[in-house]
Amino acid sequence: MQGTTTDEYQTNSPQEVEAAAEHEEHEDYRMFGVVLFLIAESFIFLGMFVAFVIYRSVVPVWPPEGTPELELLLPGINTIILVSSSFVMHRGQSAIKNNDTSGLRVWFAITAVMGAIFLAGQLYEYSNLEFGLTTNLFTSSFFVLTGFHGLHVTVGLLLIFFVLIRSQQPGHYSSESYFGVEASELYWHFVDVVWVILFGLVYLL
Amino acid sequence: MRKTVNTSSRITILLTGIAATLFSLWYGQNNGLLPVAASEDASQVDGIFSLMMTVATGLFLLIQGALLFSAIKFRRRKGDETDGPPIAGNVPLEIAWTAIPTVMVLLISVYSFDVYNTMGGLDREASQDPGPQKVSYRSGQHPGSELLAFDPGQKYLALGVGASPQQKEEPEEPLPVEVNGIQYAWIFTYPDTGVVSGELHLPVGRQIDLKITAGDVLHAFWLPEFRLKQDAVPGRETQLRFEPNRVGEYSVVCAELCGAYHGVMKTTLHVQTPEEYEHWSQEQQIAQADKLENSVAATPNSRSASEFLAPYAERMGVESQTLEQLKASPTASASN
Amino acid sequence: MTTQTEVSTGAQPPEPEVEKQRTWRDYFTFNTDHKVIGIQYLVTSFIFYLIGGALAGVMRTELATPNPNFVQPEFYNRLFTMHGTIMIFLWIIPAGAGFANYLIPLMIGAKDMAFPRLNAVAFWIIPIGGLLLLGSFFVGAPQAGWTSYPPLSLLTGKAGEELWILSVLLLGTSSILGAINFVTTIWKMRVPSMGWNDMPLLCWSMLATSGLILIGTPVLAAAMILLSFDLIVGTTFFNPTGGGDPIVYQHMFWFYSHPAVYIMILPFFGIISEVLPVHARKPIFAYRAIAYSNLAISFLGLLVWAHHMFTSGTPGWLRMFFMATTMLIAVPTGIKVFSWCATLWGGKISLNSSMLFGMGFISAFLIGGLSGVMVASVPFDIHVHDTYFIVAHLHYVLFGGSVLGLFAGIYHWFPKMTGHMLNETWGRIHFALTFIGLNLTFLPMHELGLLGMNRRIALYDAEFQLLNLVCTAGSYLLAVSTIPFLVNAIWSWIRGRQASGNPWKALTLEWQTSSPPAIENFDEEPVLWSGPYDYGIDVLSADSEESVEELLSEVQADVR
Ligand code: HEA
Ligand code: HEA
Ligand code: CUA
Ligand SMILES: [Cu+2]
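Protein chains in written order, with the working numbering: chain Z, 1 to 205; chain L, 1001 to 1336; chain C, 2001 to 2560.
Treat the hints with care, since some could be wrong.
What the hints assert, rightly or not - Listed below are the simulated EDC-like cross-link pairs for lysine to aspartate or glutamate, each with C-alpha atoms no more than 20 Å apart in a straight line:
(1) C:Lys2505 to C:Asp2461
(2) C:Lys2505 to C:Asp2026
(3) C:Lys2188 to Z:Glu130
(4) L:Lys1168 to L:Glu1243
(5) C:Lys2505 to L:Glu1040
(6) L:Lys1168 to L:Glu1040
(7) C:Lys2188 to C:Asp2534
(8) L:Lys1211 to L:Glu1275
(9) C:Lys2505 to L:Glu1172
(10) C:Lys2188 to C:Glu2525
(11) L:Lys1078 to C:Glu2424
(12) L:Lys1078 to L:Glu1040
None of these hints come from the bench; they were simulated from the model.
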């Protein structure tokens, strides 16, 4: 028993570590598990957002005096890219539901590119900021929130790559079995929603 | 076994119930578990404790009694392999034991609310947390490289226990004392006279207004005989208002973990007659005028004292100076 | 429906012919069988209990005298920090998860948990986190208490504190992964005939517990991440020297750690609800009330966290709000306590070790619960906050509650888990020593706190010495009390009398398979032929005696 488990453990992609191995015709609970996981994840962000809102409301001057204004143009474009990528990705899922693997691949590839642009944009923004992580409470919050979100985007990208690699295998995804597609998409939507809230809180408010 | 309750056991149950109730009432009042109460507010708090002790004693007797009784009476007899009666619920009983505790906790809540309000806990100026009041803007990369400063634009608000509704009416101004907690000592400054002291002296029968803050980490200012406690938070001010009504010596304890010597962060509160207090105050002023130059403690107001002491926040363990202060204070040396 | 459960069975399809046996080696590997994992959890956490208890022993020795003459004050702070952290994160929480892992699939007739490999990952994180935490002794263990309030925690040694943070993050992750598994398993994998209201009560309480874990633990993680930044990089989220706010940390910490106390008690409420009816031979009283009160406790438990902050940064009107919600928790908890008493009342109680611990649980938890309601009253809490009164409260609920409940569970399920009976005499001695020791150690602490002894101190006023000596004596008795248990458990595991499939004549599904259960749990999917607690149904019919026995033996026959 041991041997088998370990082998499968290694060949599985991370998003499926948390799921049973079978790809047979049983009812499968993995999406249920993914949803529970995302509920937990959302509470990490919620915790940080609430902390941010408290700082905002109790610190006399917010952002503290001398904090340079945040540029809105680049992150604005970034937001639009990320939000639209969610719709693009959804077309990928629709494609696989019609057993259209190449459609899946195209749409997911576009999503990945959009995600990568988002990350690149964020890195560019970081490198052009006039403040650092420890300048003051606002800047620390800024970096930790956007950075933690960026980490999630990165994970999301990895998931998309796994789906892309897996989809090379003929018949791996089909209209019957597309857990990986569905899970990575849900995750991506989640990351997206978090960003919209984050953008509102940090940039707009 | 038959479970019909006959008259004699009914009477037994009734009598035990009455006895338990009477005992709870008596024990609630006469438990003698609390130390003396040195203010009217403290006596009020003890009133809540009495009520809660009564309820708790009653429930304790009821449930422990039921457990013991079951363990003895409903033990399985040797050789009896049958099951008990299949009773799976009893709606009136369930409603009773949901409703009665609900009423009881609501009663305790309302009573506590009332006492808290009388103590001044809901005083509008003293029951709101304005957040960090002293803000600082970081210039360098190293924490602690700059000092805290009060934000001038803010109106005064503090957190803690303030004036009670009827005290607000009274014309008499409370005696202000500024309290600063540092690892591991309390420093009291009397802004009216400029006296700075390591022990707290207060006149009996007068409103006292403590403004509490901390210079390094969190501390908590606790007066056990006054049933009062409030955290001292660096960078913000908290408040305790009370009126001692009993002359005596009481302990002042730091109740929030603040480092290795948290346990010795203690001093004494002397509640004195107004004359004695006045006398002490005069003495202090003269003594301090003498050694103005070379003493930390003589800095005439606490804000600069806290600035002076701010670097302490960065150090760990026992400072030689701190230890000296501690040795100087009688309670600390007594317990050492 | 067999198909449904098969999803979870890990690697191979069921092969009833091949009689596979567990060997001791399986317990040291990355095994995905929920029964192995359950025992791994229980044994690992018990080892940490001994470590945490040994630390407490050192603390109590120090506290026997008012002066710090046994350990340095600084080291004393490290001791209670580690003691609290170990007992909470490495003993009670994992032990609860251990029971749940072992029992839930059996109780609902499944072959394994929903995600067996995730389950094994969740377990193996625990020893890693535990070793990291213990490792901090080599670099200067954390000394800011298990609450780790900044700014103190930022100033007392980076390495130890960061190890503490990492370890808490890991253990939190493990707990979240476990919760995902529990919810999915309970929600989706019950045998088809088992409706929500036919579930054993342990499943209800694990559902409520997992909900709290999924909502609370991530917020703790967020706090830990921010605290790490403050500690390592020098940001000032919680550091007033840079404009940060230490109170925000306290809110984030308690938003998890208050629910955590229910994470630590609810599984044991579940265990008690299983143990009492079996040994009292009576149906559980008010099944639905007990089941739903779990959910009420969870819900209310999320709304009371600031009762730990009545004297810190909580505004007056909020203190009133949190006081009211906190007190309300007494109602659903009371429903349980009263229902348990009513379950015992009129039953045919076997006073075996499991039952003794069960009744001891009610008795001691009651004291802790009542002192809990007292400290919920703001004016009173202002007096006793951060004193030994709180230490007394927390040990009565955690030791008197969780630990006694845990032992009740061990005595109850040991035959199922190992296939051997425990020795009753030693079990009763264990109970007597534990119960006396517990009250001796923790009862005087109430009075110490009321009189003015604050907690977390290595040196105290001489006037408190007498009571402290009593506490210390009690703690030595508690240390001694572990010996009969250890000897009994180890000896019985190897040599104990063979246990039948259902030594207690219990009705829940885990007793309808052999002891220890086969690797696939049930050879055939089990059938529900009665509710989980339908004891005494037969008494109504004339020829009472045999029917439960007969029914059970029929079922046993199927199993063999
Ligand atoms: C298993 C863990 C556990 C459990 C179950 C509880 C249960 C409760 N706790 Fe406790 N608590 C802790 C673990 C736990 N606690 C710990 C570890 C701390 C300290 C943390 C630290 O600072 O280190 C703490 C601290 C703590 C505080 C903060 C004290 C302070 O620091 O100042 C408060 C304040 O409200 C509190 C309240 C309660 C209440 C109201 C309950 C209630 O849930 C109890 C409900 C139960 C009953 C009431 C008994 C049965 C009911 C009846 C018989 C019905 C009738 C009853 C009445 C009408 C009263 N607890
Ligand atoms: C489930 C939780 C749990 C459990 C079971 C215990 C069990 C015990 N606790 Fe615990 N305790 C806490 C949770 C728990 N505690 C928490 C959360 C705190 C707060 C920490 C903080 O302030 O940050 C605390 C704090 C705390 C304090 C207060 C410290 C202070 O504020 O200064 C004290 C003091 O007496 C104490 C004592 C004990 C004792 C004597 C036991 C006994 O019941 C222990 C009995 C067990 C044994 C004695 C083990 C026996 C085994 C052996 C003897 C084998 C020896 C092994 C080797 C030598 C390797 N505890
Ligand atoms: Cu200051 Cu404890
Ligand atoms: Cu709590």
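Going down the list of hints, with the structure as the test:
For the hint pairing Lys2505 (chain C) with Asp2461 (chain C), the CA-to-CA distance comes to about 55 Å; that exceeds 20 Å, so the pair is violated. Of the supplied pair hints, the one linking Lys2505 (chain C) and Asp2026 (chain C) is violated, its CA atoms being roughly 30 Å apart against a limit of 20 Å. This hinted pair does not check out: Lys2188 (chain C) and Glu130 (chain Z) have alpha carbons roughly 52 Å apart, beyond 20 Å. Our distance criterion of 20 Å between C-alpha atoms is met by Lys1168 (chain L) and Glu1243 (chain L), whose separation comes to about 13 Å.
For the proposed pair Lys2505 (chain C) and Glu1040 (chain L), the alpha carbon gap of about 61 Å is over 20 Å, so the pair is violated. A hinted pair counts as satisfied when its Cα atoms are at most 20 Å apart, and Lys1168 (chain L) with Glu1040 (chain L) qualifies at roughly 16 Å. Straight-line distance between C-alpha atoms of Lys2188 (chain C) and Asp2534 (chain C) comes to about 24 Å, which puts the hinted pair past the 20 Å bound. For the suggested pair Lys1211 (chain L) and Glu1275 (chain L), the alpha carbons sit about 24 Å apart, so the restraint of at most 20 Å is broken.
Between Lys2505 (chain C) and Glu1172 (chain L), the direct Cα distance comes to roughly 76 Å. Violation of the 20 Å bound is thereby established for this hinted pair. A distance of roughly 15 Å separates the Cα atoms of Lys2188 (chain C) and Glu2525 (chain C); the hinted pair therefore holds under the 20 Å criterion. Taking the CA atoms of Lys1078 (chain L) and Glu2424 (chain C), the gap is near 16 Å; set against the 20 Å cutoff, the hint holds. Our distance criterion of 20 Å between C-alpha atoms is broken by Lys1078 (chain L) and Glu1040 (chain L), whose separation comes to about 60 Å.
Violated hints for the displayed structure, listed by number in ascending order: 1, 2, 3, 5, 7, 8, 9 and 12.
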